[in-house]
Amino acid sequence: MPPKPPKPPAPSLSPPRPHLFRHPLPSFLPCLLLSLLFAVLLALVSARWSPLLALDRDIATALHHTAVTAPGLTQANKVFSDWIWDPWTLRALLAVAFIALLRRGQWLLGCWVVVTAAVGTALQQVLKALVGRHRPVWPDPVDSAHYAAFPSGHAMTAAVVGGLALWLLRLYGARRRWRWAAAALVAGSVAGVGFTRVYLGVHWATDVLGGWLLGAALVAAASTAYARRYGTHR
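If you're matching positions, the sequence shown starts at 1014 in my numbering and goes up one per residue.
Read the hints as simulated data drawn from the structure, not as lab findings.
These figures come from a predicted structure and were not determined experimentally.
Hints are not guaranteed to be accurate.
[What the hints assert, rightly or not] Cβ-Cβ distance ranges computed for the label pairs, FRET-style:
1. Ala1238 with Tyr1160: 40 to 48 Å
2. Pro1043 with Arg1189: 19 to 27 Å
3. Gly1244 with Pro1084: 25 to 33 Å
4. Ala1240 with Asp1071: 36 to 44 Å
5. Ala1240 with Ala1131: 35 to 43 Å
6. Ala1204 with His1159: 20 to 28 Å
7. Asp1071 with Leu1115: 42 to 50 Å
8. Val1081 with Arg1061: 25 to 33 Å
9. Ala1056 with Ala1240: 28 to 36 Å
[To be verified] 25 Å max Cα-Cα, derived SDA-like pairs, lysine to any residue:
10. Lys1141 with Trp1096
11. Lys1141 with Ala1197
12. Lys1091 with Tyr1160
13. Lys1141 with Ala1204
14. Lys1091 with Pro1154
15. Lys1141 with Pro1084
16. Lys1091 with Ala1105
Glycine included, C-beta positions come from ideal geometry on N, C-alpha and C.
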């Protein structure tokens, strides 16, 4: 008589536990982390925390000395800051992307991008007015700027426009090498515009850092909200 086959294991009565990364919270973690870092920086700047202010002064003083003694390098920084990486230049590039999306029939995505950029501009102006931080003052300035200092509008606009551009490339399935090339270009531009603003003596280093953090947080929030509402494809 052949042996009986073993009985299959009884099914578990407890429901399967969902995987951690299927929970909606982790998708918002980058936005939450960036927002938390910005909130900490905002609190320190608003409280005029002396170690942070001292670091700002040291960085600004060292770069301003170079700006005064190297007029050729200073002029190059002005060209990059006032023309190539100017917020209106970057917004014009975003307008081109918006028109391209409309021509493809992607009006919802195009509006999402434009509204995100508009929210970023409004947010930075509100924060500038609320914080009311003064810009650096020099006896021998090499450049000038308007409005309050924190956060840097140039830095935040570069982070928002660059982040949105990388997000669109990912949505449209651009090849990996093109995405890496674009990421390198965006990273260089975002870092470069931040450097020029401090080098020209119109911002403190923490103004630039605040603009980067807030801009990245806004793009993370906008892209995550779009993905949860409409999926990860265009």
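Here's how the hints hold up against the structure:
no., hint, verdict
1, Ala1238 with Tyr1160: 40 to 48 Å, "violated, 28 Å"
2, Pro1043 with Arg1189: 19 to 27 Å, "holds, 20 Å"
3, Gly1244 with Pro1084: 25 to 33 Å, "violated, 53 Å"
4, Ala1240 with Asp1071: 36 to 44 Å, "holds, 42 Å"
5, Ala1240 with Ala1131: 35 to 43 Å, "violated, 20 Å"
6, Ala1204 with His1159: 20 to 28 Å, "holds, 23 Å"
7, Asp1071 with Leu1115: 42 to 50 Å, "holds, 48 Å"
8, Val1081 with Arg1061: 25 to 33 Å, "holds, 27 Å"
9, Ala1056 with Ala1240: 28 to 36 Å, "holds, 30 Å"
10, Lys1141 with Trp1096, "holds, 23 Å"
11, Lys1141 with Ala1197, "violated, 29 Å"
12, Lys1091 with Tyr1160, "holds, 18 Å"
13, Lys1141 with Ala1204, "holds, 21 Å"
14, Lys1091 with Pro1154, "holds, 13 Å"
15, Lys1141 with Pro1084, "violated, 30 Å"
16, Lys1091 with Ala1105, "holds, 19 Å"
Of the hints listed earlier, those the structure fails to meet are numbers 1, 3, 5, 11, 15, in rising order.
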